[in-house]
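2 protein chains.
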Amino acid sequence: MPIDFAAKKALFHLPEGVIYLDGNSLGPMVKTAPAAVDRVVQAEWGELLIRGWNKAGWMAQPAALGNRVGKLIGAEPGTVVLGDTLSIKVYQALASALEMTPKRRVILSDTGNFPSDLYMAEGLCRTLGGQYRLKTVAPEEAMAAIDETTAVVMLTEVDYRTGRRHHMADITARAHEMGAITVWDLAHSAGALPVDLAGAKADFAVGCTYKYLNSGPGGPAFIYVAPRHAEVARPALSGWLGHAAPFAFDLDYRPGAGIERMRVGTPPVLQMATLEAAMDVWNGVDMAEVHAQSLRLQDQFIKGVEARVKGLTLATPRSHLMRGSQVSFRHPEGYAIMQALIAEGVIGDFRAPDILRFGFTPLYIDEDDVARAVSILARIIDYGTWDKPEFKARAAVT
Amino acid sequence: MPIDFAAKKALFHLPEGVIYLDGNSLGPMVKTAPAAVDRVVQAEWGELLIRGWNKAGWMAQPAALGNRVGKLIGAEPGTVVLGDTLSIKVYQALASALEMTPKRRVILSDTGNFPSDLYMAEGLCRTLGGQYRLKTVAPEEAMAAIDETTAVVMLTEVDYRTGRRHHMADITARAHEMGAITVWDLAHSAGALPVDLAGAKADFAVGCTYKYLNSGPGGPAFIYVAPRHAEVARPALSGWLGHAAPFAFDLDYRPGAGIERMRVGTPPVLQMATLEAAMDVWNGVDMAEVHAQSLRLQDQFIKGVEARVKGLTLATPRSHLMRGSQVSFRHPEGYAIMQALIAEGVIGDFRAPDILRFGFTPLYIDEDDVARAVSILARIIDYGTWDKPEFKARAAVT
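Going line by line, the protein sequences match chains A and B. Residue 245 in the numbering used here is what sits at position 246 of the first sequence, and the numbering runs on without skipping anything. Residue 51 in the numbering used here is what sits at position 52 of the second sequence, and the numbering runs on without skipping anything.
Worth flagging that the hints you see were computed from the coordinates, not collected in a lab. Fair warning: there could be bad hints in the mix.
Since the list gives no way to pick out one identical chain from another, each pair is judged satisfied if it fits inside one copy or across any two copies.
What the hints assert, rightly or not - With a straight-line cut-off of 30 Å between C-alpha atoms, the simulated DSSO-like cross-links for lysine-lysine are:
#1 LYS7 / LYS302
#2 LYS54 / LYS8
#3 LYS70 / LYS30
#4 LYS200 / LYS102
#5 LYS54 / LYS30
#6 LYS391 / LYS54
#7 LYS134 / LYS200
#8 LYS54 / LYS387
#9 LYS200 / LYS70
Looking at chain A on its own, in the form it has when it is part of the complex:
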């Protein structure tokens, strides 16, 4: 049955007068989220207190929600667990992967990867000692750069700036052919497009839930470990909730079974509540259909902008096969233009040095929104309304 996008849109709260093209940065709230978190706060924490860990199922939630997220990314049951932040999960995946390729010393990534992934890799290399190094190449050169020195290929499937999409299956196959392990960052994939981790034979994957999965600011990250690695992967960040028997309080660490070992400390129960509420919107949703509709909205936006707006250069590939769920344009005054757009209620975001980034999330964005966004952008450029001091002054968070 095709998705009733209007019915899905009705599940979200969107502020009056806002066209929200920034779900690729922070997803909006589902209408059930406030009651869900309030129930966890008042009925669970308030009334059950410490008993909530058992009686309200808090302890089992990271794996239970992992299975729900796993369905959206083609993961086998029992291979995904929630917790920590994406950067932490990158570190765990990388450290595990490096131990599986003991004679190799190079982490290969690309210059379009999200900087935090690169920073975490740099930090890990330094902790491991001088012999390890992070090598970055241009995104389009990543596949060819995989060689017999590559220990780990660490890539974000969809580029956070341009929206350019790597071909996960091909790159993974090439990595395996050369004896390397893959770590895929799904920050801009999970909930945005069809991902088939099992089919692509991905080794490790990580992602966040506050973008396309709408868990709210600071929602937990997730990690996937392929079943063939589950019992050999070493968590590196070996916390008590990843222990085989956390409540035995042994002095020595023994990793838990499978994906459970990737847990570290106490899960963020309140943030899990809003994630759980947001996961309900995916019931009966086919990711291929979501992505197809996103591409239609993207094409409408690109066509509209190119027809009516001067001075913007498309940064996103034109090929549907190389696109995620966002469209980016370059403009030397991108920051000020984005501020002017936000002041008019069209919320996208800016990424240094010159990228205007727009997310097209069809669960709550429709053709009318896209048409209005194009008109407002055209007006801002035509009238030069972005060229004011209040739009040019940079905020702390951009």
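Model the placement of chain B on the given structure of chain A, informed by the hints.
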């Protein structure tokens, strides 16, 4: 002005018929918490969406709340930041400390440290390579075991099982004399007793907020770095929000100024909201007075149990100087006895193999609560009501 404990107790929500002696595991909810988190969910996330990072101050909150927590633990302004879990913060502190003692290879801890701290240290040693090791000694031998091979002394100030308290200033002085760095875990100290990190010349400290600071299940952890180390400490988990310019999206990591570098990924904004609400109860509170009152309640409990209850052995030191905010008794059937107590509304907790653990948190526990808890415990033991299958069957989380 002395603390009006009855007025403080009125700030907390405690379920009908419950005497909550488990604030050392998960603190209860302050009455303002539900509205605080609801405001962040609906008015901030719901209405501001991505703009919340600037307009609602989400990005600045880890450091702002760090300063509030810092006041309770004798930290200098700008030396504490919130985020992640305690285990993650232990890893960061340890990794930084080891780099400051480059020729030494031993992390010294004690067998009373919380296992997750030991597990994280084990994991770090393995990541660093075979030459590093974790050495554990009995708690009372920790001070004497510090020698010229010790790189880092990693201790939890108050033992999670027995409530035994280390002398932070003396052990820190001894560590420095021997050329070692200290990492103090304040999980059972922050909000429980006076801590003077600056006065003790502590190097690093970490702690959680869901116990005595009442932030709710999964609330964020904190880390302290002494000002003299702030610009040399390497975060190891070098995430983008610890970068000197996170929104420049540089490809290379440059640590942020001071404590900011210990941030990793996106902060848990909802969990920060409940922490912020809970911090208000500390206004005008002198920690020395809180601890003195806790010791009075503890003494009342010990005296009552020893006078009226047979078969329990005190595990907590009798000296006030060696106590935190909890009293522990040993009993071979401790698990079943604790379950029977919980069924009667007296909530403490059990720690393997035989510890019954009771927290005395005077902001919401008073003399009447203690007297009733003693009576109920005496009745359970006198009548043997704990000796039933339903109390002996272990739950997943104990």
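How would you classify LYS7 and LYS302 at a CA-CA limit of 30 Å: within, between, both, or neither? Answer is within: at 26 Å inside a copy they meet the 30 Å cutoff, but 62 Å across does not.
With 30 Å as the alpha-carbon cut-off, assign the pair LYS54 and LYS387 to within, between, both or neither. So LYS54 and LYS387 pass the 30 Å test across copies only (20 Å; inside, 56 Å).
One pair to classify: LYS54 and LYS8, alpha carbons no more than 30 Å apart. Within, between, both, or neither? between (33 Å within a copy, 26 Å between copies)
If the cut is 30 Å between Cα atoms, do LYS200 and LYS102 qualify within a copy, between copies, both or neither? Within one copy only: 22 Å inside, 43 Å across.
Measure nothing new, just compare the shortest in-copy and cross-copy C-alpha distances for LYS70 and LYS30 to 30 Å and report within, between, both or neither. within (23 Å within a copy, 38 Å between copies)
Is the C-alpha distance from LYS200 to LYS70 at most 30 Å within one copy, between copies, in both cases, or in neither? Within. Shortest intra-copy distance 15 Å satisfies the 30 Å Cα cut-off; inter-copy 51 Å does not.
Quick one: LYS134 to LYS200, C-alpha cut-off 30 Å, is that within a copy, between copies, both, or neither? within (23 Å within a copy, 40 Å between copies)
How would you label the pair LYS54, LYS30 (within, between, both, or neither) given a Cα cut-off of 30 Å? For LYS54 and LYS30, the Cα distance is within 30 Å both inside one copy (26 Å) and across copies (22 Å).
Could you figure out if LYS391 and LYS54 sit no more than 30 Å apart (CA to CA) within one copy, between two copies, both or neither? This pair counts as between: shortest inter-copy Cα distance 17 Å, intra-copy 52 Å.
Violated hints for the displayed structure: none, as all numbered hints are satisfied.
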